[in-house]
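Keeping their order, the protein sequence lines are chains B and G. Residue 112 is where the first sequence starts when you use the numbering used here, and the numbers rise one by one after that. Residue 659 is where the second sequence starts when you use the numbering used here, and the numbers rise one by one after that.
Keep in mind the hints are simulated off the structure, nothing from the lab. As the structure is a computational prediction, the values presented were derived from the model and not from experiment. All the given hints hold, so there is nothing to weed out.
Okay, derived cross-link-like pairs now, DSS-like style, lysine-lysine, Cα gap no bigger than 30 Å in a straight line:
(1) B:K376 to G:K879
(2) B:K297 to B:K406
(3) G:K667 to B:K297
Each chain, written out:
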Amino acid sequence: MKTVSSAISRFIDRRQAFVFPAPAVITLSLIVIIPIAYNLYLAFNKWTIGLGQPRFIGLDNFIELLSDERVWNGVKVMIYFSGVSLSLEMVLGLCIALYFHRNFRGSEIVQAIYILPFAATPVAVALIWRIMLNPEIGVMNYLLRSIGLPGSLWVSHAHTVIPALVMVDVWKWTPMITLIVLAGLKSLPRVPYEAAQIDGASPFQTFWYITLPMIRPVLIAALMLRSLDNLKEFDMIYTITQGGPGISSETLYLYSYNVGFSFFKAGYGSALMVVVFLIVLVFNVVMNRMRLSAKNA
Amino acid sequence: MMTEKQTMKTVKTGLFYVGAVVLCVPPVFVFVWMIMTGLKTGVQNIAYPPEFIFTPTFENFRAVFQQHNFFRYLVNSFIIAGFATVISLVVGLPAAYSIAKYRQGKIGLIILVARMTPFVSYLLPWYIIFRRLNLIDTFSALIITHLIITLPMVIWLMVSFFEGMPSELEDAALIDGCSGLQSFLVIVLPLMRNGIATSAIISFIFSWNQFLFSLILSGPKTKTVPVAVYNFISYGKIDWAGIGAAATLIVLPVSVFAFFVRKTIVQGLTMGALKE
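With these hints in hand, go ahead and build the complete structure from the sequences.
The structure is reproduced here in structure tokens:
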């Protein structure tokens, strides 16, 4: 018995680089790789869940989605929502990180309060926003009117729904950008700043010519990470508008969910999901190129 | 008489405090509104203009537990997040240690793919598989899908913690005749207890907050809290007071957790992007 256990222990020692990661690699293969492969397989099949068997149809799903108006609507909504929210989150996140970078008394507490939204359960806070944005009884319109501004229809009208959702997204996720950029700022070397001070550079010059170029790779990394979730935003949009009014806030991702789980068209839905994945992938590959070239510049 | 320099300093300090107020108002306002919604009656919640001063009632919290069986959903979420976290640690810790020690970047690639793939792409296949296996509305199904989120997160977090570990102690253990496995369990893991606690909390928060997988794969037996609070709007009339109370109960525990790990939480989300 003893020899068996010592034999096992010796085997583990010799093959540690293989034995230690094995359980994780096997688990990830089972829970990640297999569903992705199945998803790809379904994308080339026609199948409604509960009706018959999957039938291979080649690229037909992908051809069909090119002439599907809701796909183009989804792409448009996705670009509008993600473009505006990501830009705002980056600019605000950077400004607020610069603000926190100057340690002042009490900044610890301010930071702790400021990042509250970001760990909060998305569905729960989205529902609270839904109450606050109600055009008739919501507190947001009350506040607007009490300072003499007209109320807004917020998420109840096709023209204002995306800006309103962007506002909620910015509220929830800007802290994440701030935290990443702040970590980046803290790791910058001090020498260039000392040189700038000797040369008598203004604070703006220091920021523009020293901080910004040095922080650029971190900014792009933050944008990449945020885009991973932002392009696939689901909880918040689904909870507040379910893609409405009509389909005015239905992103491509939300549409792919509806095709799969409301219409149960597994084949066509899978093809849409593959497209969403490709969009995320291409965006991140391009961003990564930019990050690496910013790093080597 | 203040000198010019002192005046500048006062102005600057003043501006910092203005900034502090501007940054704190949006989160505090929404959180306070959430708690207030839970403490108002149904009638008070649809009053216009909205009431800022009122006599709080705990009736909604009582109703959430007694009529909506919310305790059950809290327990469900706790079980799922707990198991997902523990499994992620057991499977993920040795992997992270090995990736850090032997620079196994290729395994990182799987993690990146896992992070990039839309959740719906996992959900549809899993839904079809679980339906066939009769596993819809079981804890196993939910824990398996939550692992898709928590396992990559734990591994990546722990890689950065292991990389920062001094190797002298471990070497000493090996010289003293410990086996590799022994030194990992007895020396390395206790040294990493802060990192492990942080990873566990972050993993728990993300599983607790997960909505999409639970929306499709849970049922009456395994419903989690995000789905339960969402259901307050799907039964015809919207119960604002109930939503306020339920949302408060869901959000407060994770907010307290997040407070303790706010310094390291960024590592969990950046997944090593700041390094290299």
